[in-house]
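Number of protein chains: 2
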Amino acid sequence: MSAPDATSPAPTRIAQVMDQVRTRIAARQLTPGEKLPSIRAQAATLGLSTSTVVEAYERLAAEGLIRSRPGSGWTVAAPLAPLALAHIGPRRERAVDPLWVSRQSLEADDARWRPGCGWLPPDWLPQAALRRALRGLGRAEDRALTDYGPPQGLPALRQWLARRLAEQGVTASPQQILLTGSGTQAIDLVCRFLLQPGDAVLVDDPCYFNFLAVLRAHRVQVIGVPWTTDGPDLAGFEAAVAAHRPRLYLTNAGLHNPTGARLAAPTAHRVLRLAEAAGMTVVEDEVFADFETHPAPRYAALDGLQRVVQVGSFSKVMSAAVRSGHIAARTDWIEGLTDLRLATTFGGDALGAALVLAVLQDGQWRRHLDTLRLRLARARHTVAARLQAIGITPWVQPQGGLFLWGRLPAGVDASALSRAALMHGIVLAPGNVFSAGQTADGFMRFNVAQMDGPEPPATTADGLWPTLQTLLRTPDVRGPAPSPHDRPSP
Amino acid sequence: MSAPDATSPAPTRIAQVMDQVRTRIAARQLTPGEKLPSIRAQAATLGLSTSTVVEAYERLAAEGLIRSRPGSGWTVAAPLAPLALAHIGPRRERAVDPLWVSRQSLEADDARWRPGCGWLPPDWLPQAALRRALRGLGRAEDRALTDYGPPQGLPALRQWLARRLAEQGVTASPQQILLTGSGTQAIDLVCRFLLQPGDAVLVDDPCYFNFLAVLRAHRVQVIGVPWTTDGPDLAGFEAAVAAHRPRLYLTNAGLHNPTGARLAAPTAHRVLRLAEAAGMTVVEDEVFADFETHPAPRYAALDGLQRVVQVGSFSKVMSAAVRSGHIAARTDWIEGLTDLRLATTFGGDALGAALVLAVLQDGQWRRHLDTLRLRLARARHTVAARLQAIGITPWVQPQGGLFLWGRLPAGVDASALSRAALMHGIVLAPGNVFSAGQTADGFMRFNVAQMDGPEPPATTADGLWPTLQTLLRTPDVRGPAPSPHDRPSP
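If you're matching them up, the sequences are chains A and B in order.
The first sequence begins at 1 in full-length UniProt numbering and counts up one residue at a time.
The second sequence begins at 1 in full-length UniProt numbering and counts up one residue at a time.
Derived from the structure by calculation, the hints contain no laboratory data.
Treat the numbers as computed from the prediction; the structure is a model and nothing was measured.
Any given hint could turn out to be false.
As the list claims (entries may be wrong) - Some chain B residues close to chain A (C-beta under 7 angstroms, calculated; not the full set):
#, residue
1, Ser182
2, Phe346
3, Arg378
Idealized CB from N, CA, C, for every residue including glycine.
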């Protein structure tokens, strides 16, 4: 242990400032959005040097408790502060913040490219069936247009979902299904039902970035388990269970986001046994189920919905404008979850559920799914080749879905590349937004459907691919030296 | 202080059992839905009498931590347990549980009467405009049918809401408005953003029962302030602020639910001054705004959205099947709330928002509101007279809206009457589901729109009114002797 640098502030004094701010926030003397005392004022009050206060504020910011914004100084962060990042800083640094990527993708207009977004372009989705369904709803009976509908949601849609579960080998009655406003809301409800602040939760590293955001909103401890081409790394999983006694494991069923890899049956079996031994719940999100040609094993099927909760939605495969998600779980949990949903959103989206059901029962639905899977297979092939031509290598060749997890050329920093690309109207999804351990700065998730086919109207002279190629050669996108944590390729 | 009855279990031993169960739940050794050791087993393990364990379990149930169900023994309650009630017991006792009333109302089919529910029958709502809007959406551009839409929600609907706020004297830009999935979801998001478990929150007593349910989900301390015909009782409000240092006050703007009374301007001014002095936030829910003929004062207008947050929805006045709510607040709070909404539900209901906007812009919307207000005024008059004829007196004659807050004949217990009525297919809303202090067992909320006009197909021989009259004469509905807490009539 070396003595602190003579010019560094003393650790105990930094801790003193941090404690004082933490106490005031805990006592609600400082509330979200409120300004903290300036560095100078705080230093004067406590009789400390400004460098001590600066260091304390920086560390509190790294914990997500406070944040700094250009022009408004230091403020108290909301409960959902940006994820604590290695190098949090001014606003443009949010390029590695999951919520920033969501907002950029959602706000991007037609003139931008969105290889980083998580959904399909409009012309890939069943427009005609949606229009037919809307016209059909215009002729529905009065009550369907105005009533809340039953607490668990439209019975006919729950029956449809129960039948689909049966096809996967999961025996569940419609009473074991609760409809929600979205797949994310389904996960959020399950977390509210099962978690306490401070609980430990396992996720894959990398995982869907919004898992990190929703877990942060629950103030739980997020533990990343390295992800392999067969599912979670079993040794890592076992070690994390032993070390943290996690309450649940949140993962994708079937196709994994962001890598596109799929769970192998032996891994699934072993994970379930570990979960059983530890009294853990497994939550599997099968939002990409309809993209699979050969369905991967389901935890729910192996376990029979005892300690597994399955959630899903149709936002990826049908429409993101119609909000509909669902939870399948033990009957007694569904009862509690229904109460919780009533308390926190009251009625369900009865009209949205009716619309989803009408599209599912439309004669063209099966054909839509077949076409979609074929078109995605072709796009994965084309985009993988174009990525390789500019030096980006897919980590695995996925058997389905819309994502490629690309390894960047040596030395390229995904966050730096994302920031540079944004200046050219390109929204990318840098690896670390998916990584609880911040170990994926050499990776990037690419949405093949957004990168295939004719390019949208150009805002740069060169279009998407030439711009990416040029950017990759820019010195700005070179990051720090490769980290020893970079996972070896499978 | 008297010594405990010789046959009563010793208080310290009861506390010992309670602590042991609490510790196991806190350590997650017992999780929601899980069975507790049986009374007998627990008594044997701890070397105590079964009566000690029974008393401990009953007290834990009164706190909402565990619950008993016929046939399945004692189980751990979910975070959202039924509200701790004076006489919690077997399942039928949920007649005084807010969630039970919601579920009964939502599950009730055509053959039942629902004087206790909180919404209008289908033929009171703008069916033709909704059908036109659905057909119109069937012709919308592709992107509107399938995309998530911007993070804060449809800009045109936010502009419409900003204009309506301006008409109320509230200056707010569309950037200060966030669309949500429902009015309840709006309140839930604000609570998640501003509250910590254990914070104190003021509500009116009585208040909208789902306020109690949503606050319970946040594990905060709920403090009821007596409600008068002019708004909250100012002395009570001031005392509650001083005693509990509450973080926020959650109330209805305009027409109050359940009483139909409206806030007086001097009261509004005084409440805001108290809130300012205490650093409290006021959340006003104006879900009944469109039912007002002469708008009551708004906290948001007096305060300019500094420490006031306004929430609302169109579920009462347009359709409950289309989910749409909104929040108007300070810009920096809206930014944090938008992040929180992204994390917990991801996209908004873009199609639902487009549908709401289309109905608002339909040529018939103003006429619908005018007709609705007239029809409600007539129904309030008719139903008040019929209630008085059977001995139920409205506490106040509301100037708008769908509710009458009726004082039952002396000695009638609202919970007992509700349970008896349910056997006859009538869902009532007994006073105590609205009362944080459980002081309204002599009151009942009546929905005039559900009680006016021709009766639905009878499941009893006599119809709604004769059944109510008969039940009021039954000895079963007589409660305990009148409580000294019964509020005097204004």
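For each hint, the structure was consulted:
1. Ser182: OK, holds: Ser182 of chain B within 7 angstroms of chain A, min 5 angstroms.
2. Phe346: 4 angstroms, holds
3. Arg378: Constraint on Arg378 of chain B not satisfied, violated at 21 angstroms.
Checked against the numbered hints given earlier, the structure breaks only hint 3 and satisfies all the rest.
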